[in-house]
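Novice: Chains as they are written, first to last, in UniProt numbering: chain W, 1 to 121; chain Z, 1 to 362; chain L, 1 to 188.
Everything labelled a hint here was simulated from the structure, so no lab data went into it. Keep in mind that the hints are not guaranteed to be accurate.
Claimed, not checked - In silico SDA-like cross-links for lysine to any residue, where the CA-CA straight-line distance does not exceed 25 Å:
1. W/5 x Z/178
2. Z/47 x L/137
3. L/137 x Z/314
4. Z/194 x W/41
5. Z/316 x Z/84
6. W/65 x W/36
7. L/128 x Z/291
8. W/88 x Z/159
9. W/5 x Z/195
10. W/65 x W/41
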Amino acid sequence: MGSFKLGGMTFGSLFKKPETVLYPFEQKPAPAGLKGHIENDASACILCGICAKSCPADAIAVEKKERTWAIDPFRCVQCGTCVRVCPKHCLTMDPAYTPIATAKSCRVVHVPDPKAAVTES
Amino acid sequence: MSKATVIPFGPQHPVLPEPLHLDLVVQDETVVDVLPQIGFVHRGLEKLVETRDYNQFIYIAERICGICAMGHSLGYAETVESLMGVEVPKRAEYLRVIWHELSRIHSHLLWLGLAADAFGFESMFMHCWRLRERVLDLFEKTTGGRVILSVVKVGGVVRDIDASQMAEIVSVLDGIKGEYTQIMNTLLTDTSVKNRTVGVGHITTEDAAALSMVGPFARASNLPYDVRSFGRGAYGDLADFAPITATEGDCYARVKVRCLEVLQSIEIIKELGAKIPAGDIEVAVKGAPADGAQASNVLEQPRGECYYYARGNGSKNLERMRMRTPTSQNLAGMTVALKGCDLADVNMIILTIDPCISCTER
Amino acid sequence: MTTFEQTFEELPLAGVHDLAAARHAEGWRYVQILAVNTEEGIDLVYSYMKDGHLANFNVSGVKQTDVVPSITDLYLEAFVCENEIHDLFDVAISDIAIDFGGMFYQLAEKAPMTVVSPEQLAAREKAKKIAAAKAAKEAKAAAPAEGPTGPTEEEIQAKIAGLDPEKAAKVRAAMEAKARKAAEGKGE
Chain W
1 MGSFKLGGMT FGSLFKKPET VLYPFEQKPA PAGLKGHIEN DASACILCGI
51 CAKSCPADAI AVEKKERTWA IDPFRCVQCG TCVRVCPKHC LTMDPAYTPI
101 ATAKSCRVVH VPDPKAAVTE S
Chain Z
1 MSKATVIPFG PQHPVLPEPL HLDLVVQDET VVDVLPQIGF VHRGLEKLVE
51 TRDYNQFIYI AERICGICAM GHSLGYAETV ESLMGVEVPK RAEYLRVIWH
101 ELSRIHSHLL WLGLAADAFG FESMFMHCWR LRERVLDLFE KTTGGRVILS
151 VVKVGGVVRD IDASQMAEIV SVLDGIKGEY TQIMNTLLTD TSVKNRTVGV
201 GHITTEDAAA LSMVGPFARA SNLPYDVRSF GRGAYGDLAD FAPITATEGD
251 CYARVKVRCL EVLQSIEIIK ELGAKIPAGD IEVAVKGAPA DGAQASNVLE
301 QPRGECYYYA RGNGSKNLER MRMRTPTSQN LAGMTVALKG CDLADVNMII
351 LTIDPCISCT ER
Chain L
1 MTTFEQTFEE LPLAGVHDLA AARHAEGWRY VQILAVNTEE GIDLVYSYMK
51 DGHLANFNVS GVKQTDVVPS ITDLYLEAFV CENEIHDLFD VAISDIAIDF
101 GGMFYQLAEK APMTVVSPEQ LAAREKAKKI AAAKAAKEAK AAAPAEGPTG
151 PTEEEIQAKI AGLDPEKAAK VRAAMEAKAR KAAEGKGE
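Using the sequences provided together with the hints, build the complete structure.
Specialist: Written out as structure tokens, the structure reads:
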């Protein structure tokens with residue numbers, strides 16, 4: 001019989017831990033810094049729209065009149081440009097991936113008006 | 001006098017990673033002529049410079065090809081930096097090269113798996129891709145993405161690799177090296193592998209030079225051309241770098257050259273990881289390229305030399321961005337290699353040029 | 001280690017084949033051919049490399065009626081780029097060794113890289129207007145200001161240049177309202 005060259009590796013793999021995980025029962029922990037989805041901290045956002053202008057995928061829509069910041073997570077390519085150009089650093093990249101869905105939808109964040117809060121008090 | 005039959009190969013074929021069509025003119029199981037045809041993955045990406053400015057286009061350049069993603073973003077960034085006269089900090093150059101060499105390792109491991117699968121050695125395919133998963137995990141830990149890294153920008157890089165991550169990279173690569181050497185020796189000394197690859201698809205050195213072939217495809221025919229030997233960027237700080245060549249000029253030589261390049265890349269990463277200087281990882285880039293300014297650049301991608309060209313028009317959008325990928329250069333070499341081979345060897349020869357058709361067509 | 005340097009030179013259309021023959025005789029490698037769509041015609045850039053010197057030769061303003069000689073008789077691998085340029089830019093290249101006759105990419109639209117979409121045309125017009133407005137503004141800079149005046153036409157143009165049409169209309173309306181208000185304020 002010719003030499004079974006991968007024999008050592010094959011035999012050893014009977015006893016070693018498998019390289020794969022039993023997904024979805026076990027999941028690999030997401031490393032920090034994984035590019036999952038974008039979160040906006042509404043208290044810091046000033047609706048300047050710089051993120052919308054610099055997005056290469058046109059995934060962000062900022063409406064100043066309605067005070068909303070919307071992102072289409074299915075258009076987003078998780079490049080991180082918006083996180084870097086935001087002047088108030090209110091955008092962050094969260095490690096969790098957008099869950100799969102049967103229809104595309106936008107996530108809308110309502111940014112409260114700081115001036116309205118001041119006049120109320 | 002036997003009749004010639006034309007056998008269509010592709011665009012869908014189990015052995016092809018990307019669609020490529022060949023019309024093989026065959027006489028009694030010997031291929032006498034080949035007509036290649038591409039165009040199945042043409043997306044017209046170069047026209048998108050008109051709607052995306054030079055900062056946004058890097059994300060499109062990355063997505064030209066999944067395997068060469070890091071290479072394209074690096075080549076594009078270097079070209080635009082040359083166009084605008086931007087100098088990137090030394091640490092950023094080192095980081096870019098480390099990621100690029102990791103990308104070379106992952107690309108060659110991918111290719112080795114496909115080459116083994118092409119002649120039926122499926123367990124080798126699984127082992128190579130198993131080792132490749134460890135490299136992809138490294139990418140995930142350091143850049144946040146497995147395949148599309150999005151870590152290079154015009155002016156530097158976006159993330160840093162700190163000392164603990166660097167130590168982890170080195171230890172994972174050392175772990176890969178042990179198992180990989182075993183796999184490599186199996187592949188290069190096995191009799192059935194040799195029967196399928198030795199003497200198949202031979203290209204002489206003169207033909208390789210006449211057809212301006214690039215990459216491991218040319219280096220296997222003893223043509224020592226490697227863009228990394230120009231010593232630009234962090235490659236200039238390597239103690240010594242010599243392109244790996246082989247003299248046989250057949251499929252076996254190409255497999256050998258790529259196998260050895262993985263080991264060479266591991267050594268390069270370890271050397272650069274030890275020498276990396278402290279400093280900034282990016283420099284702010286303001287303004288736009290001047291009207292009429294042009295710049296060209298070459299980069300050694302896993303498949304060979306890739307040429308980039310950029311021209312500015314005064315606005316934030318580039319006038320023209322062009323990438324000429326190594327596979328488009330090697331297509332002529334492939335047609336020459338296929339002439340006179342057996343029909344059963346066609347898969348092997350096509351795979352050994354490492355075709356990346358989605359890069360060729362953009 | 002050889003060092004890398006790149007050069008750009010101009011080349012007349014008639015010299016394309018002779019240049020290729022000269023380079024081939026001296027042992028230069030063919031690198032690529034590319035085309036750029038400009039207003040004056042198509043620019044072709046031929047690149048050759050030897051020993052780390054990347055020489056780019058620019059042929060400016062190739063018209064649709066011009067016929068470019070192929071270099072595939074010397075460098076066979078150029079057929080990929082020449083077919084591509086013929087398909088995407090509609091440049092006539094004669095005697096390509098492996099000629100697909102326009103069917104290399106089998107595109108839906110003829111010569112797509114020469115198509116300038118209406119948005120880009122508008123953007124280019126606006127860019128030209130800003131440049132003209134800037135020059136005019138610099139010429140007027142010496143004139144004294146007459147109290148608060150609303151935004152002038154040049155300022156409106158400069159501000160709305162580069163915005164999409166709806167937004168441009170909104171900004172223009174707002175600025176014209178401002179101009180009217182300032183004029184009314186002055187009149188009172």
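Novice: Indicate, hint by hint, whether the structure satisfies it.
Specialist: Hint-by-hint comparison with the structure:
Between residue 5 of chain W and residue 178 of chain Z, the direct Cα distance comes to roughly 15 Å. Compliance with the 25 Å bound is thereby established for this hinted pair. Proximity of residue 47 of chain Z to residue 137 of chain L is assessed by CA-CA distance (about 34 Å); at most 25 Å being required, the pair is judged violated. At most 25 Å may separate the alpha-carbon atoms for a hinted pair to count; residue 137 of chain L and residue 314 of chain Z meet this at roughly 20 Å. Using a Cα cut-off of 25 Å, the hinted pair residue 194 of chain Z and residue 41 of chain W is violated, with the two alpha carbons roughly 61 Å apart.
Between the alpha carbons of residue 316 of chain Z and residue 84 of chain Z the distance comes to roughly 11 Å, so the proposed pair stays at or under 25 Å and holds. The straight-line distance between the Cα atoms of residue 65 of chain W and residue 36 of chain W is roughly 29 Å, outside the 25 Å bound, and the hint therefore fails. Between residue 128 of chain L and residue 291 of chain Z the alpha-carbon distance is near 13 Å, which keeps this suggested pair within the 25 Å criterion. For the proposed pair residue 88 of chain W and residue 159 of chain Z, the alpha carbon gap of about 20 Å is at most 25 Å, so the pair holds.
At roughly 16 Å between alpha-carbon atoms, residue 5 of chain W and residue 195 of chain Z fall within 25 Å of each other, so this suggested pair holds. Distance check on the hinted pair: residue 65 of chain W and residue 41 of chain W sit about 19 Å apart at the alpha-carbon level, within 25 Å; holds.
The structure fails to meet hints 2, 4 and 6 from the earlier list, while all remaining hints are met.
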